[in-house]
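Number of protein chains: 2
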Amino acid sequence: MRRPIGVIDSGVGGLTVAKELIRQLPYEQLLYVGDTSRCPYGPRPKEEVYRYTWEMVDYLLEKNIKLLVVACNTATAYTLEDLQNKLDIPVIGVIQPGSRAAIKASHNKRIGVIATEGTIASGAYPTALEMIDRRIRVNDLACPSLVPMIESGDIEGEQAVQIVHHALKPLKEKNHIDTLILGCTHYPLIKTLIENEMGSHIQVICSGEETAREVSLILSYQNLLNKEDVLPVHEFFTTGDKEKFKRIANAWFDEPIEFLRSIELG
Amino acid sequence: MRRPIGVIDSGVGGLTVAKELIRQLPYEQLLYVGDTSRCPYGPRPKEEVYRYTWEMVDYLLEKNIKLLVVACNTATAYTLEDLQNKLDIPVIGVIQPGSRAAIKASHNKRIGVIATEGTIASGAYPTALEMIDRRIRVNDLACPSLVPMIESGDIEGEQAVQIVHHALKPLKEKNHIDTLILGCTHYPLIKTLIENEMGSHIQVICSGEETAREVSLILSYQNLLNKEDVLPVHEFFTTGDKEKFKRIANAWFDEPIEFLRSIELG
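Protein chains in written order, with my numbering: chain D, 16 to 281; chain H, 16 to 281.
If we strip away everything but chain D, and leave its shape as in the complex, we get (with noise of 0.2 Å):
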């Protein structure tokens, strides 16, 4: 069916998913909302986040979605089951598909994450982790800095590498994990520094990818796949900086964005 498909972000984190959906699902419409003006989530109390992330839900509703995506682990971890509750489209999360690859790559079953302090604080991730496998051992760290750095786009040099380094210390220093999920959509853009400080020996998982193969099996399980042969124009939707959007998305993507538009939100 034609409707297009929601995805929902605190910022441009969400874009890594977006990627990915663009990739495996070509002929899917998606309308994104990065709620820049008011990123990061991380810090903000629960009822904030919820609040924030039913106005982007509300918005996207108006354009008759078929699916919504939650690609913000924050907005995942405090919203997800309420959303799941009260929509009546399916509404897929990006920390259960996180989880789900972490389980499929780890050997050892001790797998690390990082992700703002609000992921962190909710245990969202070992609780979703654990539902699967009990004897799964989980080292989690916050890593407050990294999104701050992330969405002003100074992502390269010394100092990018440096603020890396001194976020993944205490993890690196409990290094026995084999696995590291990577539990906030904004890190993928900084996968490389992240790669480079944890060593080759960790596997890194980006719930982008997992995420995508997840709405493409809900798509299909649902019977809710469009069937047309015209490739898409998605919409991106931001409530900050259009230009600073633009530049971050452009260099996300393999194709510049067609179609961004500034909103007001609440």
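Just so you know, not all the hints are guaranteed correct.
Unchecked claim - Simulated pairs of lysine to aspartate or glutamate, DMTMM-like, Cα-Cα distance not exceeding 25 Å:
hint, chain 1, residue 1, chain 2, residue 2
1, D, 124, H, 269
2, H, 257, H, 73
3, H, 81, D, 243
4, H, 119, D, 244
5, D, 81, H, 145
6, H, 119, D, 224
7, D, 124, H, 145
8, H, 124, H, 148
9, D, 124, D, 103
10, H, 124, D, 273
11, H, 206, H, 188
12, D, 119, H, 270
13, D, 261, D, 73
14, D, 242, D, 269
15, H, 34, H, 188
16, H, 119, D, 279
17, H, 259, H, 193
18, D, 81, H, 96
19, D, 261, D, 243
20, H, 259, H, 270
21, H, 101, H, 77
22, D, 81, H, 193
23, H, 124, D, 244
24, H, 124, D, 193
25, D, 119, H, 244
26, H, 119, D, 73
27, H, 242, D, 243
28, D, 119, H, 193
29, H, 34, H, 62
30, D, 78, D, 212
31, H, 124, D, 269
32, H, 119, D, 273
33, D, 81, D, 193
34, D, 61, D, 73
35, H, 119, D, 97
36, H, 34, D, 250
37, H, 242, D, 96
38, H, 119, D, 103
39, H, 81, D, 145
40, H, 81, D, 96
Just so you know, these hints were derived from the structure itself, not from any lab.
Based on these hints, arrange chain H on the given structure of chain D.
Only chain H this time, still in chain D's reference frame:
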């Protein structure tokens, strides 16, 4: 919920799927039926495969399974839609998970598929791939010599290398593919032989791993995960020779199988 997962196959091939299910979903009990005495299904008429598949399904329904995995590509090609329409539990085949994984892996959108005559004749893989991405080009090839070789257990040595060499030759001659789907669950048992023959530039997709991921998602999505904390004893049933089944299973699994029983179907 504590009810088991049912897995059916024409013989031992589905063990490649079962192994991944056990690894990725360690707290879920499997009931596995391998119709070894009537294997291979590949050259049989559709009606016969349909009847044999339903006999396995009816056997497992009596045991109150909560989800069915059709771990045989030929049976998936011929019966999946019918099973999904008629059963009130989720039914997962192996063709769509393999297709989604190949779309995720391929960069040049040229995908090879090797499978039994029945699976190739059904067109199930091109249909599944094109349903998601109309730009995919599929090169598919029936390899009728491979399943009998694998069921015989003689999968090492020069003769096996030669059988694989001759089977794959037509595909190598069109080797612009970058991804090869093993479209028969027997083939992962000779994955190394196939990889050596095709060369390291070709990514080989085993549907077992991918199917286990999708079963994990559907159990979670439908709230069917087992929440107990006891590792289950899996049960295996074969219509053929128990000793041969046990030998192949024990070579394939990390631990010897504990429960194996002969059954008659039909």
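### Message
Check the structure against each numbered hint from earlier and tell me which ones fail, lowest number first.
### Response
3, 7, 9, 15, 16, 17, 19, 22, 24, 26, 27, 29, 30, 33, 35, 36 and 38
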